[in-house]
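*Asks:* Protein chains in written order, with our numbering: chain A, 5 to 295; chain B, 7 to 116.
Please note: incorrect hints may appear among the correct ones.
[Claimed, not checked] Derived Cβ-Cβ restraints for the label pairs, each shown as a range: (1) A:19 x B:98: 17 to 27 Å; (2) B:33 x A:198: 30 to 40 Å; (3) A:204 x B:88: 57 to 67 Å; (4) B:38 x A:11: 48 to 58 Å; (5) B:103 x A:161: 20 to 30 Å; (6) A:229 x B:38: 58 to 68 Å; (7) B:61 x A:64: 25 to 35 Å; (8) B:98 x A:50: 31 to 41 Å; (9) A:272 x B:8: 49 to 59 Å; (10) B:57 x A:46: 14 to 24 Å.
[To be verified] If you want the ones that stay clear, here's a sample from chain A, every Cβ over 12 Å from chain B, calculated: (11) 41; (12) 209; (13) 237; (14) 244; (15) 255; (16) 282.
Hints were generated in silico from the structure; no laboratory data involved.
Treat the numbers as computed from the prediction; the structure is a model and nothing was measured.
The C-beta atom is built at its ideal place from N, Cα and C for all residues, glycine as well.
Chain by chain, the residues run as shown.
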Amino acid sequence: MDEERVSNLERRYRLLLKVLPRWYRQDREEEMVGIFLADRTDDLDLEHSWPGWGETGAVLGLAVRTHLAAGAALTNVPMKVAWRGEIVRALGMIGLLLGVFYAGASITSMVYAYQHPEIVGGLTWLRVFDVAPIVAFVALLAKKRTTAKLAALAAALPAVVTVGPHIGSWLLFQLPSLVTFVALCLGFHREAPTPPVRRLAWWGGGALLVGVLGGFALGSFVVPVVAVVLRVVAFVRGDFVLGRALSVFAVLELAPLAFLLAGGEVFGIALVLAVLLVISAVAPVRPLRTS
Amino acid sequence: MSEQTFLVLTALAEEPLHGYAIVQAVEQLSEGRTVLRVGTLYGVLDRLVADGFAERDREEVHQGRLRRYYKLTDSGVRALQAEVARLSANVRAASAVLRGRGVQAWTRNA
Numbered sequence: 005m006d007e008e009r010v011s012n013l014e015r016r017y018r019l020l021l022k023v024l025p026r027w028y029r030q031d032r033e034e035e036m037v038g039i040f041l042a043d044r045t046d047d048l049d050l051e052h053s054w055p056g057w058g059e060t061g062a063v064l065g066l067a068v069r070t071h072l073a074a075g076a077a078l079t080n081v082p083m084k085v086a087w088r089g090e091i092v093r094a095l096g097m098i099g100l101l102l103g104v105f106y107a108g109a110s111i112t113s114m115v116y117a118y119q120h121p122e123i124v125g126g127l128t129w130l131r132v133f134d135v136a137p138i139v140a141f142v143a144l145l146a147k148k149r150t151t152a153k154l155a156a157l158a159a160a161l162p163a164v165v166t167v168g169p170h171i172g173s174w175l176l177f178q179l180p181s182l183v184t185f186v187a188l189c190l191g192f193h194r195e196a197p198t199p200p201v202r203r204l205a206w207w208g209g210g211a212l213l214v215g216v217l218g219g220f221a222l223g224s225f226v227v228p229v230v231a232v233v234l235r236v237v238a239f240v241r242g243d244f245v246l247g248r249a250l251s252v253f254a255v256l257e258l259a260p261l262a263f264l265l266a267g268g269e270v271f272g273i274a275l276v277l278a279v280l281l282v283i284s285a286v287a288p289v290r291p292l293r294t295s
Numbered sequence: 007m008s009e010q011t012f013l014v015l016t017a018l019a020e021e022p023l024h025g026y027a028i029v030q031a032v033e034q035l036s037e038g039r040t041v042l043r044v045g046t047l048y049g050v051l052d053r054l055v056a057d058g059f060a061e062r063d064r065e066e067v068h069q070g071r072l073r074r075y076y077k078l079t080d081s082g083v084r085a086l087q088a089e090v091a092r093l094s095a096n097v098r099a100a101s102a103v104l105r106g107r108g109v110q111a112w113t114r115n116a
């Protein structure tokens, strides 16, 4: 290519393409630039135009899919990149299972509130959103990705409505829900593989059952405990993806615990769990098998 | 199968094409309704290649620019065939319903 005749439009388009991973650009950049400029022959256009919102959106979408590539959906994907996508998807799935657990606990508490309005003050319509994680989970397994994402967003909505002046504490407690929503949006794109339905259905059913039967009594402390146990299991089994996803999840779960610690409530238990979560977050995972 | 994927498969069914030719063919096939962005085209092509429906063909340099050709595989032809059968069945069913209402199934857009 003649370097002296590079137009402003080409320069701007190549700048936009830098959002794509380097391994992808090495393979595709020249080809993409060629197509983009194929019918742009007007000198004024080449000098003063920009790639445009539509093309920018399309390239950004491609960037998400390639940065979080599904191993089976792209060819020549470096192993590290393929695993990154798997970790984001695992994190989204863990977040959804957590949501299903809380939804189960909420169902029990709603039944209790319905039967004893004099004690707990009855129900408000906002409680409908409590079961949104179940909708999101089922929709994802049924390959209804958009529905799953909308339902995951709905799970965090009532907190937005009722946040009031306590925005700091709200952010800490809603962090897992918000990150779950982001992970679902980023990880479960059109090219992503379908999650293993049967295995996850068992996990989802289990989380719901435990939530319904014991979530109300067990409280939030059971979540860090389960996360730590699963982290150990992932290490023993050499499950790199689950291990890394749980490391991130441990950091997210640290946020509400830190709030409890700062408040001085149940300080001892919260401190022990916080230490376990820190260990979960920083503990090594089995090295990636590249074979 | 999305409409974009269907149109790209259809475009490639005729002969191996490079990226820009695919964009033009899709626009023609859809009578201008679908204009593929470059970023979108590569999302579709990546998926087709990964699914084994299309593969890279030859490369050539045209006016200093790289052109890479893509061609349909046998598996891609079968996938297109299956999609055409599915869509045809839908069209037949819808046409029968419209005929039942005394409405002409086919209208020509202006």
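*Asks:* Each hint: holds or not?
*Replies:* Structure-based check of all given hints:
| no. | hint | verdict |
| --- | --- | --- |
| 1 | A:19 x B:98: 17 to 27 Å | violated (50 Å) |
| 2 | B:33 x A:198: 30 to 40 Å | holds (32 Å) |
| 3 | A:204 x B:88: 57 to 67 Å | violated (28 Å) |
| 4 | B:38 x A:11: 48 to 58 Å | violated (27 Å) |
| 5 | B:103 x A:161: 20 to 30 Å | violated (40 Å) |
| 6 | A:229 x B:38: 58 to 68 Å | holds (59 Å) |
| 7 | B:61 x A:64: 25 to 35 Å | holds (27 Å) |
| 8 | B:98 x A:50: 31 to 41 Å | violated (49 Å) |
| 9 | A:272 x B:8: 49 to 59 Å | holds (55 Å) |
| 10 | B:57 x A:46: 14 to 24 Å | violated (38 Å) |
| 11 | 41 | violated (7 Å) |
| 12 | 209 | holds (32 Å) |
| 13 | 237 | holds (32 Å) |
| 14 | 244 | holds (22 Å) |
| 15 | 255 | holds (32 Å) |
| 16 | 282 | holds (39 Å) |
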